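Dock chain B against the given chain A, drawing on the hints supplied.
There are 2 protein chains.
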Amino acid sequence: MENFNFYAPTYFAFGKDAEAQTGSLVKRFGGTRVMLHFGGGSVIRSGLLDRVKKSLDAEGITYVELGGVKPNPRSGLVYEGIELCRKENIDFILAVGGGSTIDSSKAIAAGAVYDGDFWDYYEGKPVDKALPIGTVLTIAAAGSEGSPDSVITKEEGMIKRGASGEAYRPKFSVLNPALTQTLPAYQTACGITDIIAHLYERYLTNTKDVEVTDRMIEALILAMVNEGPKVIANPDDYEARANIMWGGMMAHNNSCGVGRTQDWTSHNVEHELSALYDCAHGAGLAVAMPAVFTYTMRHDVMRFAKIAVRVWGCQMDFDNPERTAKAGIEALRNFLISIGMPKNFSELGAKAEDIEQLAHTCCYGNGNTSGILYGFTELKQKDVEEIYKLMM
Amino acid sequence: MENFNFYAPTYFAFGKDAEAQTGSLVKRFGGTRVMLHFGGGSVIRSGLLDRVKKSLDAEGITYVELGGVKPNPRSGLVYEGIELCRKENIDFILAVGGGSTIDSSKAIAAGAVYDGDFWDYYEGKPVDKALPIGTVLTIAAAGSEGSPDSVITKEEGMIKRGASGEAYRPKFSVLNPALTQTLPAYQTACGITDIIAHLYERYLTNTKDVEVTDRMIEALILAMVNEGPKVIANPDDYEARANIMWGGMMAHNNSCGVGRTQDWTSHNVEHELSALYDCAHGAGLAVAMPAVFTYTMRHDVMRFAKIAVRVWGCQMDFDNPERTAKAGIEALRNFLISIGMPKNFSELGAKAEDIEQLAHTCCYGNGNTSGILYGFTELKQKDVEEIYKLMM
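Chain order of the listed sequences is A and B.
Those letters in the first sequence? Residues 35 to 426, by the numbering used here.
Those letters in the second sequence? Residues 35 to 426, by the numbering used here.
Worth flagging that the hints you see were computed from the coordinates, not collected in a lab.
Quick caveat, the model's predicted, so the values are computed rather than measured.
The reader is advised that the hints may include incorrect statements.
[As the list claims (entries may be wrong)] Cβ pair distances, simulated, as ranges:
#1 A/P218 with B/V147: 48 to 54 angstroms
#2 A/G75 with B/M350: 47 to 53 angstroms
#3 B/K61 with A/E122: 58 to 64 angstroms
#4 A/R67 with B/H394: 37 to 43 angstroms
#5 B/K242 with A/D334: 35 to 41 angstroms
[Said to hold, decoys possible] Covered stretches of chain A (chain B as the covering partner; in silico rule of three or more C-beta atoms under 8 angstroms from a C-beta of chain B):
#6 99-113
#7 212-224
#8 233-244
#9 324-334
We put the CB at the ideal spot given by N, CA and C, even for glycine.
Isolated chain A (complex conformation):
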């Protein structure tokens, strides 16, 4: 295991009606003048935004509102939010929504207290300073409610990049599984896929002797595989929603990813897809993961065989472990299809003629002059092109 630091000081209020605690939590963490950040109409229609406002009112906390966050959140709204924060002397950002809203809130929180362009953080500058952030989560997926990460798409060139830093850990997150019961099945499945990707990408490590985190990752995937089909069959299954919501947070707060190298190839490969075609991130991952894993499997067949046996219940072929490894990838693919995810390029709306461009941006974007993606294996543009071809 490698040396590491781990610090996850987010307060979680979990359960039915937990959003009623929002006002007191903002107060506890020092907020007096809040920017309420959200997406489209669903949080308004469901009455959630009103309940949150009521809870802020009860504590005498004032607020301004900024809606309009879209999936794959854009830099344009971030700049607007930063300006609003400065003009209104905002001291706390409250995200009401899913990963996109939270990620947009994080970007605004950093930009509001930074003299330069917030995009600097998305080009590699560690996020060391930001306004405090709280979240009221409406979908189990991104794990942003408990993570130090944020992903934003720059409209100029449609470049999707991540930033990370301690200041991005929310001060608190309100997790009420009932809020996710109104989600369409497709979005629910996208969320489950994203959670599984966060787990696989931690699993694919080159660090030896990481049994404890291996087992934790396997445990969380097993829970998703068990609970996922329940909510697809019955969207009102609160208990399954609750398991997925806590699992989604644990999958990405990194307690199961510490001290080991990780592999974010599937996310990197997917980001180009959702940036170019504006497909759902989870849907892109469902297509990307089996392709990436099939291409990189031979780098460590036994690791893929292990997850095949331990998670997917495959029989170990002791004479030919590669057969087991492949069976595990196939089981993952079939599971994702079973919950309604797309299985190939055309179902995503992606085009074969874009592959060279996708692979080039993936490898050379973000000022990466080497053109190499480092992770489980080293991948060059040619490799990434092959991976995209496997998705067709």
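Structure of chain B alone, referenced to chain A:
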């Protein structure tokens, strides 16, 4: 799943030489005048205390020292520590040692800023205020380095009780697995047993639909069962030590125990043993657990069958699940014996003639006028006597 709040804002510095960060961490969390609390000679002999002092010196942090913590830490030293803190205007308690030292530090931290008797907290008052605490851990066992809990023995009557509260979460914990390499095999095994108990006692729940935490608990036990024999065979196995150390923290920071009832019967039953005979806590648990589980198994046979299959690799007897449940308990017992733990009352130094007294204190101690232990099942004195008899 039940509603819950979860807040674990402890900063972990993990890995080789991590103790060099101690001074800067004390500074980060506001300490200027520290009470260094530790046990016997081992932290002095190993040079660890000197390294910690050097790290404090480097940051210009002053300190006073209070050694002498014993296993099953006592109230006498706590009172001494409280007096010292007040006299010396201490603003930060730094524990260098294992669970006993950390628990003693927590009690001192609470008592130092409380007008009444610190023991009030150990009779049920929630710990809402305490001096900030940091730890440099020397044994993977109690999980106190990441938990809000502390257990102290009151010398008057040898009563062992726990206290809990947000203020008891350490601000930081330094986890260097190499520091545990010098531990005798017996203490190492006691630690592993304590960790497994923390997991089993969360597993034994009456809450339905807790797949995600069930799976996490199983994962952590599996990791202990895999890594434990490695360190018993080779005390210098840093990697196995590292897995056990992170697993021990995760086992008790409660991220795998949220939203579910828990069962602390084994700990309660054991506390009477270590209070009366001063045996090692882990050793007492090794004898107590199989007895408690055998006695309470019929309350939920399928839960015991599940852990038997998923953790211990037992075959499910679909015609007679109780046989599987029993096989799982037997596998646990055999595992504990295999790492060198005692298997019965006499190996612990416990006496049959004390059973009535043990069971009475267990049920009626701590001002419990009902005499009933609530947890996985309800147990009266007569039941607890039967449990102690099963240990003979």
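Against the structure, the hints:
1. A/P218 and B/V147 have their C-beta atoms about 52 angstroms apart, which keeps the hinted 48 to 54 angstroms range intact.
2. The supplied range of 47 to 53 angstroms is met by A/G75 and B/M350, whose beta-carbon atoms lie about 49 angstroms from each other.
3. Checked against the hint of 58 to 64 angstroms, the pair B/K61 and A/E122 fails, with Cβ atoms roughly 35 angstroms apart.
4. Distance hint for A/R67 and B/H394: a CB-CB separation of about 58 angstroms, inconsistent with the stated range 37 to 43 angstroms.
5. For B/K242 and A/D334, the hinted distance range of 35 to 41 angstroms is satisfied, since their beta carbons lie about 38 angstroms from each other.
6. As drawn, the segment 99-113 of chain A meets chain B at 0 residues by the rule of a beta-carbon pair under 8 angstroms; below three, the given contact is violated.
7. Proximity of the segment 212-224 of chain A to chain B, defined as three or more residues with a beta carbon under 8 angstroms from a beta carbon of that chain, is not established by the 0 residues found.
8. Interface restraint, the segment 233-244 of chain A with chain B: holds (3 residues with C-beta to C-beta distance below 8 angstroms; minimum three).
9. Counting residues of the segment 324-334 of chain A whose C-beta lies closer than 8 angstroms to any C-beta of chain B gives 0; at least three are required, and the coverage claim is violated.
In this structure, the hints that do not hold are numbers 3, 4, 6, 7, 9, in rising order.
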